[in-house]
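First to last, the sequence lines map onto chains A and B. So the first sequence is residues 1 to 263, counted in this note's numbering. So the second sequence is residues 1 to 640, counted in this note's numbering.
Don't take every hint at face value.
Unchecked claim - Here are the simulated EDC-like cross-link-like pairs (lysine to aspartate or glutamate), alpha carbons at most 16 Å apart as the crow flies:
1. B:Lys640 x B:Glu597
2. B:Lys384 x A:Asp35
3. B:Lys498 x A:Glu55
4. B:Lys498 x A:Asp47
5. A:Lys78 x A:Glu224
6. B:Lys506 x A:Asp43
7. B:Lys496 x A:Asp47
8. B:Lys496 x A:Glu48
9. A:Lys152 x B:Glu374
10. B:Lys506 x A:Asp47
11. A:Lys152 x B:Asp144
12. A:Lys247 x A:Asp201
13. B:Lys498 x A:Glu224
14. A:Lys52 x B:Glu499
15. A:Lys152 x B:Glu138
Hint data in this document are derived by calculation from the structure and do not stem from the laboratory.
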Amino acid sequence: MSTNTFSVTVRVWRQDGPGRPGAFADYPVAGVNPDMSFLEMLDVLNDELTMKGIEPVAFAHDCREGICGTCSLVIDGKPHGPHHGVASCQTYMRSYKDGDVIVVEPYRARPFPVVKDLVTDRSAFDKIQQAGGFISIRTGSAPEANSVPVPKEVADLAMDAAQCIGCGACVAACKNSSAMLFVAAKVSHLGLLPQGQPERDRRVLAMVSTMDGLGFGSCTNQYECSAACPKLISHDFIARMNRDYAKAVFRSAFKPVAAGAEA
Amino acid sequence: MAKLDSKVPPGELSGKWRRHKADIRLVNPANKRKYEVIVVGAGLAGSSAAASLAEMGYKVSCFVFHDSPRRAHSIAAQGGINAAKNYQNDGDSVYRLFYDTIKGGDYRAREANVHRLAEVSVNIIDQCVAQGVPFAREYGGLLDNRSFGGAQVSRTFYARGQTGQQLLLGAYSALSKGIASGGITLHTQSEMLDLVVVDGHAKGIIVRDLVTGTITRHAADAVILATGGYGNVFNLSTYARGSNATAIWRAYKRGACFANPCYTQIHPTCIPVTGDYQSKLTLMSESLRNDGRIWVPKRKEDRLKPPASIPESDRDYYLERIYPSFGNLCPRDVASRAAKRVCDEGRGVGISGLGVYLDFAESIGRLGESGVRERYGNLFDIYKEITNENAYKVPMRIFPAVHYTMGGLWVDYNLMSNVPGLFVLGEANFSDHGANRLGASALMQGLGDGYFVIPYTVGDYLASQKPGSRPSADSQEFKTAEVEVALTTSRMLSIKGKEPVSHYHKRLGQIMWQYCGMARNKEGLEKALQEIPALRKEFWENVHVPGSGDTMNQSLERAGRVADFLELGELMCRDALAREESCGGHFREEHQYPDGECKRDDVNFAHVAAWEFAGEGKDPVRNTEPLNYETVKMSVRNYK
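Chain B on its own, in the form it takes in the complex (with noise of 0.2 Å):
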């Protein structure tokens, strides 16, 4: 069993983490530059992460699959970033932010990094304007903010509907800062295939050039993953289309424990699917529900009328109705049920049936064409583009897709693995979001990471490596992991079987969204137990790689990272199995209120669940972090 300890500080939960900073070791400047520390992946996390350390005297080399480290899917965020500026002076506070953030996870979160996370946020905010990120004004020339769900306060910083994009050139920025001085090495184009253990502790990645087909080997002091999250599982979802487990999984087959991996986040407004061709689900972003009024006919007879013609008191508003509180800014996790409910009532619109609608003509109404053209002008443009409608003149359609991953590899306080010098960021790691993440904060947490958190805690755990005392990257275990790599890769190539990778994929994503998505039983769940083993036998059997290894070759590329899903699939079904309660995004029908939502079981399942690898063929180990709420109380989460 591996051994968890969350190395929580002790004492009063505001403190924690300035006792914390004022009790860890430290790293004196002159040794920094003796110390290698590998950062994988250039998104939020990855390259503040990856600045910061570089501007301390840290020799740094980061690893990215895409062609430049501005492309990570981070740019890809819409909405905005979450901070506990209180500018609008409607009574937000670090601790109102705090325990949004703990509620609207289901408190299935640790409280401890929450709260770190809710005091960090206003120091991003300062990074990111004097990086010259373009924030939106007001008049007055100072910061504006609006709302997002889950949240009673306006505090969420924006950047149109680009928010991430602006973000992540920030911290693209930094990084390149950090390459033009030489503190960091970059490797664009080079994907991790494999963690290397020495002795217990990560020291080193084995990687593939994806353009030549080189396999190398990298050592570190350490090693740092912000390598993202793993929906792409589900085959259609919000992320891009390179969005991969491989780093994560891997360093969870060498010793890495798996946490919470059956939370996945279910985003009520994107657009609805077409076809079995369809290769992307696209994000409306949350900021919409500001001004838009989600509904649904109250007669299914009406589903396919066009929508102007039913009056409004046939008209189901039904976020309104049922949480009259928070209303169309209700939480994602309860957002997207309620959809599925009305949809699987059979008053879901569009030929299909699986869409809601998103409703502008009482805010057009209110503030004119071109007002709403200002706030969401390019998610107007985005939506035109991809279902030929004017949304300015009909409502959008739209229907959940999954979105965002909660779990992760399981982390400490200061963000280590259970593996020593393993670090995880960002949205890789399980701690900040419990079972369901409210709007906003991703960009927070993985901001928050890379700037304000790792900087500290790297060098807790580099104190206590003696400095060059890394070992040498032609060492046996680099040597081996090369091999296994290497095999792998050809392995995969040799098949040479009747389907293409995508065909796996997709059958794959069926499985997981029909047991794993948005509900889930245990007769369900034991099924998807039963296929996907099947589903990966044949896949082993019968894919057909083309090509050959020693160019770029994207099916290649693709088969990997699908031979990962296909055995992290599997976990997720097992964690949602042995999960016996309903939380966040983890909806099991068999744990329900006569109303429909969440009943946790807080006797039972107040936990973290970090699962073990414990060998091929073999059940892993479920182990178990207890949550120990000392500051907030555990209740039933109510929006209404």
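Extracted from the complex, chain A is given alone in its bound form (with noise of 0.2 Å):
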């Protein structure tokens, strides 16, 4: 616990809506106490604001304990701010001094537009679930949960993917404005275990065919997606994505017809 409380400046983007014209806007802070979150900076910001007839920053946030994937800030420049494997509500204050100037955005990329201020509209991200990041089972159909063994190895492997809070710091990171590394991390998680064997192929397929279609970029593997990303989730995945993807593609060329019959 510190009681040095210090000051800063945060030059914040400032939007009214989608599509109206942004800017950023230089705001103090003073008595900030380096055990404050950043996003507890930003509410007392906020009470400030209000009650200097300036209407407060809009910014998404909801668990404060990095899960929940709501919180947004690109902060100096980087998505979730300067720290490795964390989200921008666990990024404390004593991770700057007194007379820093503090540069806040929403994410940059167009599938994400700004709804306002730093907040910005994910549901791309819904969308490319809906399309198949699911395994078909029925309430009430499963078998026995110990009928069919997965091999620790493997269930790991897909906890590690499965962990993914679908936050968009992986597009906001990377050039090409790709969602990849989300996708990639859905994919493998279901296409490691058993359980998602069946829908393997029509999965990957389907969700990479909606990514496209939602206007994300192509991965031209420079990381920035897994460097930014809270869960430090691999960039590997996006391999084993692609090499899924393939052989998806080639299997289902397949498709036997019988001599005279309609193609």
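Two chains, two frames, some hints: make the complex.
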């Protein structure tokens, strides 16, 4: 616990709504405690702005413990701020010092339009999931849980991929606004497990084509995505998805047609 | 007075649910698509309900205030989910899970509901595994388990420290499948601001679009609320910042009874408060109590010394000392009160004195640092980020914090409230945890309600409603409710007073924590019942909500939620005052044994208190539902 407070200037992106012009505005914040989270510092700023008659800065947040994936700030040019493997909400003011000017922006990616100030619309991610990010089983139809053994290494690897929080930092970090890390995480999570095998091909084909259709760019293997990922999901999953995709394309090309039948 | 018929089926306990399923009415497949069901919330309970009902053929609309259903706060549950699989061969059974949950709830839950929960627990694990939830496994490929508080068997399934996340993503995948197939219409960033009741039945909701501010009316044949708990009444809690009571509170004001609002769970292992700017408290999973040992110095003079410099002989491992059979794994309410007692004695650690040590030195010695890292690595990382301390080297400092609410809207065995057509699932209802919830049981209840209870019971109600008979969203009741919502919104925006919303939320939280927190007494509760209405009056005269109602306005969203908390907080204090006994999370200082344990009064309080709204400015009515224990004998809870 520390009692030495300090002051910073927050240079924050203000934008009224989608498609509206935006601009940076500078706001001083005094009395910053090193144990404050970055979002708590914004809370303090917003209360001050409110009482000055300035509309507070809209920013997305919810759980404030790094798991819901709602927070989505670009701090000094980095999605989720200065630290490796943490979300914006887990960034603490002890990372800054008196007099710092901190630039805060929304994600900048065409598939994630700005809603207001620092809030973006990431519903494109939900659409990709709806394209095939599931195993089609009905409630009540599941077999006994231990009837299908899963090697521990496989379950652990699936979990490494499955812990994606869907925040979109990978897209924001990528110069191409590629969503490959996000999609690869889901495709790998389900594709590694025996339960995910029946739909493995159609899943990867559907999710990739939906991703492309929503305007996300291509991967050019620079791994800005995994560097920005608050859950440190490895870009190796992208390679794995590419292999899955190639195999699925190949297999789906095999469509036997009897002689004389309509193709 | 509301009529509270629990509809618990007759007959022997273990056969009730089976017989009930055979007896209740069904809706034929061709008719299912003629019924529209609204589900509010997309956490474990909401997503699983929406997905399951859509698979059955009902037309489902799901409303969430988040930008994506995957953000619901179920995602933050860390430790695990209980199920009576007995994979560990350690004597577990449906009965034992039922019994532990009833006892853990201090004999204030309904037997039949809890037994059903224990029965469906095993199906939940099957369901989740089939969805691809990557639970922890052993080298042989089978599922692993760990222990949680209040149980002497290992029945908790887990996915590292992110079990809630993985279960929610499983339910979200089922929801996504339903959206893709057209069975579910999803409305994100849509906050329910009122329930519409037509001829005594719940037939729709009023919703505000949080991006555009547009207010819309939605009609349905039944309404399901799965909107979570109300712990943010306390301002500081382990809940997400957006978690709120608005949906259930508006339903209460439309006639649904609110049961046992004073039953709140204070979780023993959270990271202590550091300053008044603080917006949330972070939980350190109960699973840590499997391997961590809780202690404070024996002497108060030692409380600021570096912990490593305090020899074993000067440490008080107070849970192991007081509760030798359960030790560090005693239930949450018991562990929290014990922490409060040692801190009240002046032995609390850290500058504030509000903290106890959770020490892993012994388990690091036993398992090695890597062994501890494998089990709890992400929790140690979170601890490091927040406190800047390395818990592999120095013990964690922890303190109790508000974590869960056992109270909620009253529901019968079918999970229907006393307003026909209004169903309530998960933490939003009151039904399964009595006065204290055991660890790893919230996930079980949310998914049990959504996957395996509501799909059966909603049909029993809908079968009584003629297909196509639902009222139009243009009917008068809908229009009136919409106008009321719009008026409340514009009233809040027009005050333009001198304090931001957060000011009132903090002050309410302080009142609640002081007088209706871990320990309560008559004098304090009466004081709170004076202070809260005064604070509410001040809020409505002096709050400053900036901006307008026709755009994204986060201050306005929070103002509406805090306005509801300011009413609900009062009801919680009323309930706490009326319940002249101690049970589970409700500890009345006047009612305790000489050793500080809860003293229940089964003669006068073996009942559910279900509060009924009587109109603005009038005292609510306290209805009761007696708790008839047919199978278990109520006894003094003993973890010694």
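So, going through the hints one by one against the coordinates:
For the proposed pair Lys640 of chain B and Glu597 of chain B, the alpha carbon gap of about 11 Å is at most 16 Å, so the pair holds. Taking the CA atoms of Lys384 of chain B and Asp35 of chain A, the gap is near 12 Å; set against the 16 Å cutoff, the hint holds. Taking the CA atoms of Lys498 of chain B and Glu55 of chain A, the gap is near 15 Å; set against the 16 Å cutoff, the hint holds. Taken as a hint, the Lys498 of chain B and Asp47 of chain A pair is honoured in the structure, with Cα atoms around 11 Å apart against an allowance of 16 Å.
A distance of roughly 10 Å separates the Cα atoms of Lys78 of chain A and Glu224 of chain A; the hinted pair therefore holds under the 16 Å criterion. In summary, the hint linking Lys506 of chain B to Asp43 of chain A is supported, as the alpha carbons are separated by about 13 Å, within the 16 Å threshold. Using a Cα cut-off of 16 Å, the hinted pair Lys496 of chain B and Asp47 of chain A holds, with the two alpha carbons roughly 13 Å apart. Only pairs whose Cα atoms come within 16 Å are accepted, and Lys496 of chain B paired with Glu48 of chain A is accepted, the gap being roughly 14 Å.
Distance hint between Lys152 of chain A and Glu374 of chain B is fulfilled; the C-alpha atoms sit about 13 Å from each other, no more than 16 Å. The suggested pairing of Lys506 of chain B with Asp47 of chain A holds, with an alpha-carbon distance near 13 Å, which does not exceed 16 Å. For the hint pairing Lys152 of chain A with Asp144 of chain B, the CA-to-CA distance comes to about 10 Å; that is within 16 Å, so the pair holds. A hinted pair counts as satisfied when its Cα atoms are at most 16 Å apart, and Lys247 of chain A with Asp201 of chain A qualifies at roughly 8 Å.
For the hint linking Lys498 of chain B to Glu224 of chain A, the alpha-carbon distance of about 46 Å lies beyond 16 Å, and the restraint is violated. For the proposed pair Lys52 of chain A and Glu499 of chain B, the alpha carbon gap of about 11 Å is at most 16 Å, so the pair holds. Distance hint between Lys152 of chain A and Glu138 of chain B is fulfilled; the C-alpha atoms sit about 6 Å from each other, no more than 16 Å.
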